[in-house]
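Trainee: Chain residues, written in single-letter form:
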Amino acid sequence: MSDIADRVKKIVVEHLSVEEDKVTENASFIDDLGADSLDTVELVMAFEEEFGIEIPDDAAETIQTFGDAVSFIKGAQ
Amino acid sequence: MFDLTGKTALVTGASGGIGGAIATALHAAGATVGLSGTREAPLQELAETLGERAHVLPCNLSDAEAVEALPKQAIAAMGSLDILVNNAGITADNIFMRMSDDEWSRVIDVNLTSSMRLCRGVMRPMMKARWGRIINITSVVGVTGNGGQVNYAASKAGMIGLTKSLAQEVASRGITANCVAPGFIETAMTDKLNEKQKDGILTAIPAGRMGTGDEIASAVLYLASQEAAYVTGQTLHVNGGMAMI
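These protein sequence lines map, in sequence, to chains Z and C.
Each residue of the first sequence is one higher than the one before, counting from 1 in full-length UniProt numbering.
Each residue of the second sequence is one higher than the one before, counting from 1 in full-length UniProt numbering.
Think of the hints as simulated: they come from the structure by calculation, not from any bench.
There's no promise every hint is true.
As the list claims (entries may be wrong) - In the BS3-like style, the derived pairs of lysine-lysine whose C-alpha atoms are separated by at most 25 Å in a straight line are:
1) Lys-9/Z x Lys-74/Z
2) Lys-128/C x Lys-10/Z
3) Lys-128/C x Lys-198/C
4) Lys-10/Z x Lys-22/Z
5) Lys-128/C x Lys-9/Z
Stated by the list, open to error - Here chain Z is said to cover these stretches of chain C; the calculated rule only asks that three of the stretch's residues, wherever they fall, bring their Cβ under 8 Å from a Cβ of chain Z:
6) 166-174
7) 179-187
Every residue, glycine too, gets a C-beta built ideally from N, C-alpha and C.
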C-alpha cells in the first residue's frame, strides 16, 4: 500500500475510531464507517493539514470513500 | 468569578458602548481581545486603556472581503480564536411603508450577513480546538418586534435562528452558540431618543431604568466561560423585565 494510503488510513482510523481493516477501498465514510456530515468536513480538514493541500468545497463533496480520498490526494500532489 | 486566562476573543463593534464593555469584561477575566470596528481611533483608545492583551482590528462589516479576512487577521494577531462576539449592529429606522430596499439591505448585511460570515470564518479553528464560544448580540425587538424597525428586528430575529441552527450542528464539538438580547441600554443608539420616547420606554420596564453596557457584558462573560459549556442555542434576555420570554 502506498505511503499516501497509509497516512489517509491512519487519519480515518483515529478520527472515526474504527478498526483498520474496515477502512477498505470502497468503504464509505458515512455509510460504512459511521461518520456524520461534520466528521467528513473534519476529515477533509485533516487531509489538508497532513498533505499540505487545499481541497475546495465542491471537490470535498466528491470524496465519499477511502478510495476517493486517496485518489484525490494523489492527484492533488 | 469566570476565568478566561489563555483564551482569545474577537469582539465586533468594540468602538460602541456595549461592545467596549464586552471587550473590557472579557479582558478583565484574563482573555486576549481583538477589538474590531469601523472607526480606528476609539478602538486604539480602548486598546490603550486595556493595556496588554488587546489588539486593534479595524473592519468594515459591509465589505464582504474584509469580513472574510477578519478571523484570519485575529488569529494572526492573537495566535488563536476561541470566542467570537458578534456585537456590531446598525439601524436604519423607517415606517415599513416607506422603507427602501437600501435601508433593508444595509441593516441585514451588517447585522445578519456579516455575523454569518464571521461565524463561518471561526468554525475551522474552533472545530480543531474542540472548544469555541459564539455569542451573538441580538435584541429584544428580534423577539417582540418593534414598529419602525422591520429591518432591524428581522436581522436580529435572523441571528437567533442562525444561532440555534449552528448550535445544533457544532454542539458535539465543544462549541456553543448563544445569543444575548439586550433591552434598552444606555448607548449612543438609545441617546437618539427624545425625553418623551425615553419616558414611554421606562414605563414599560419593570426595573424602571435603562440597562448598562456592563450588564450586557456580564451575560456575555458567563456564556463565554467554561461554566456555560452546557448552555447552547439559547437567547439570554437582559432587559430589566420589559419582555419575559
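Trainee: Each hint needs a verdict: does it hold in this structure or not?
Mentor: Hint-by-hint comparison with the structure:
no., hint, verdict
1, Lys-9/Z x Lys-74/Z, "holds (14 Å)"
2, Lys-128/C x Lys-10/Z, "holds (17 Å)"
3, Lys-128/C x Lys-198/C, "violated (47 Å)"
4, Lys-10/Z x Lys-22/Z, "holds (12 Å)"
5, Lys-128/C x Lys-9/Z, "holds (19 Å)"
6, 166-174, "holds (count 4)"
7, 179-187, "violated (count 0)"
Comparing the model with each earlier hint shows violations of hints 3 and 7; every other hint is respected.
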